[in-house]
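Number of protein chains: 2
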Amino acid sequence: MSDPAKIVTACILVIGNEILSGRTRDSNIQYLATELGKLGVRVMEARVIPDVEATVVATLNEVRARFDYVFTTGGIGPTHDDITADCIAKAFGVGISEHPEAVERMTKHYGDPALFTPARRRMARVPHGGVLVDNPVSVAPGFQMENVFTFAGIPKVAEAMFQSMKHRLVGGVPVVSRTVRTNLPEGIIAEPLGALQKRYEDVDIGSYPAFRNGKPSVSLVLRGTDDARLATAAVELMETIRGMNGEAEEFVT
Amino acid sequence: MSDPAKIVTACILVIGNEILSGRTRDSNIQYLATELGKLGVRVMEARVIPDVEATVVATLNEVRARFDYVFTTGGIGPTHDDITADCIAKAFGVGISEHPEAVERMTKHYGDPALFTPARRRMARVPHGGVLVDNPVSVAPGFQMENVFTFAGIPKVAEAMFQSMKHRLVGGVPVVSRTVRTNLPEGIIAEPLGALQKRYEDVDIGSYPAFRNGKPSVSLVLRGTDDARLATAAVELMETIRGMNGEAEEFVT
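Each protein sequence line maps, in turn, to chains A and B. End of the first sequence sits at 253 in UniProt numbering; the numbers just go up one at a time, nothing left out. End of the second sequence sits at 253 in UniProt numbering; the numbers just go up one at a time, nothing left out.
Extracted from the complex, chain A is given alone in its bound form (with noise of 0.2 Å):
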């Protein structure tokens, strides 16, 4: 279900001290990102914060009146810097307690009674009115509340869970894109760039240098909803570029 004049928003909060350090280096606001771009939801910011209650409260507060979704990834495992689930809790102002399906899953998963210990309860505790996000790789269940989705923060766990939960998501019209890569360099190629831009105001057009085999390279990226624009906008831009003696093509993904 979809409504095709819609603008789906979301945001993408990352909950973890370790990327904050620079520990780790976040991969799920990417692999989110990419996902919910196909089902026509726009993710409009992401944010790392720390394992601070009140932070961590008050932001999400801020974000699921602001976003139409919130997907939090991170703090929901058995040790004691695990408070993500409490301080949803806060935010909604709800209590929290043991699901009794995450109990029974997780009592039949571990099977004798010694190893499902009293850290991995807690990762049976749901705010109240949570609704389960199924965990297939290792059982301990995320939970929604509301427009709020709540993951693992480990990649592998995150990204089964966005996939077990994704048909829950309303989107609106997926944004498609198309890729011209060019050898000329951005200031050579900006002035008829930025007035294809002005031609082209329903297509959001970016600019992106890299080296590529040890030599520059630019993507220009087309994006929007409708890929018959985009195709003639790509059409015009190599054109304009193979007219300026530069080398264009467009590079399928």
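Hints should not be assumed to be uniformly reliable.
The calculated label-pair distances, taken between Cβ atoms and stated as ranges, are [as the list claims (entries may be wrong)]:
1. H167/B <-> E191/A: 33 to 39 Å
2. V176/B <-> T55/A: 18 to 24 Å
3. D202/A <-> Y110/B: 30 to 36 Å
4. K6/B <-> V52/A: 16 to 22 Å
5. P174/A <-> N183/B: 40 to 46 Å
6. A210/A <-> R199/B: 47 to 53 Å
7. L115/A <-> A65/B: 48 to 54 Å
8. G111/B <-> N183/A: 18 to 24 Å
9. E191/A <-> A58/B: 26 to 32 Å
10. H167/B <-> L115/A: 49 to 55 Å
11. P113/B <-> N183/A: 19 to 25 Å
12. H167/B <-> T225/A: 43 to 49 Å
13. G246/B <-> A54/A: 30 to 36 Å
14. E146/B <-> P174/A: 39 to 45 Å
Please keep in mind that the hints were generated in silico from the structure rather than gathered at the bench. Here a beta-carbon is modelled for each residue, glycine too, at the ideal position from N, C-alpha and C.
Starting from the known structure of chain A, fit chain B onto it as the hints suggest.
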């Protein structure tokens, strides 16, 4: 110069649609967080925001008031989607024009005046009052406005810009860390780990599960400003784990 009693904070602002669309995986947060940590500057938040003027201006004004330092990456190239410099001028309520020193450096760099195109001249524009940040890679400078430092988005350039200006920062006490790795799962060590955290309130203990060589492994990271305390806590932690028949070793990065 540093004041050992003060906690110096920073926010990283990543400006760019290409990160929010999932096209590009950011690496500047990890690099800057690691380098700032060495200088005793703690990154307390990182945000990824789109190339939208109102968003950049509002976010910048919020975070420059809240944190000691702000570092922005992205949006200072020569193309139409490079709007960061103008947004910063607007946020500070000042004008923007060509900086004579920037023009001089770029004139020298490009040599042939035909190559110093109007688009490239845009990269010499600096908000009034801005102090240049050197760019040893591709010449076009970044700049500093009070506590806000503006870098390019390309990692190689952002990293060189940071190295060229880091002597301007006044940090606090550097945070150091020690890492203990174990084969015991989080759900088994969570209780003694939480007890250790309570005994070492001045040490920030984080627990990060991962897969190493196909086997589950947990990194227990002790962070703080007093390395002797970290060493004592690490020894205590390893003894606890070995007392539970687990493997424990300090991992030196």
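- Measuring from beta carbon to beta carbon, are H167/B and L115/A in 49 to 55 Å? holds, 53 Å
- Holds or violated: 33 to 39 Å for the Cβ distance of H167/B and E191/A? With a Cβ separation near 37 Å, H167/B and E191/A satisfy 33 to 39 Å, so the hint holds.
- Query: Taking the beta carbons of V176/B and T55/A, is their distance inside 18 to 24 Å?
  - Reply: holds, 23 Å
- Task: Could you tell me whether the CB distance from H167/B to T225/A stays inside 43 to 49 Å?
- Result: holds, 47 Å
- Does the Cβ distance between G246/B and A54/A fall inside 30 to 36 Å? Holds - the Cβ-Cβ distance for G246/B and A54/A, about 34 Å, lies within 30 to 36 Å.
- May I ask you to test the hint 19 to 25 Å on the CB atoms belonging to P113/B and N183/A? holds, 22 Å
- Query: Taking the beta carbons of K6/B and V52/A, is their distance inside 16 to 22 Å?
  - Reply: holds, 18 Å
- Task: Please test the hint of 47 to 53 Å on the beta carbon pair from A210/A and R199/B.
- Result: Holds, since A210/A and R199/B (Cβ atoms, about 49 Å apart) stay within the stated range.
- Outcome of range test on Cβ distance (L115/A, A65/B; 48 to 54 Å): Check passed, 49 Å falls within 48 to 54 Å.
- Query: So the hint says 40 to 46 Å: do the beta-carbon atoms of P174/A and N183/B match that?
  - Reply: holds, 44 Å
- Is the gap between the beta carbons of E146/B and P174/A within 39 to 45 Å? Since the Cβ atoms of E146/B and P174/A sit about 41 Å apart, the hinted range of 39 to 45 Å holds.
- Is 18 to 24 Å a correct range for the gap between the Cβ atoms of G111/B and N183/A? holds, 20 Å
When held up to the earlier numbered hints, the structure conflicts with none and fits them all.
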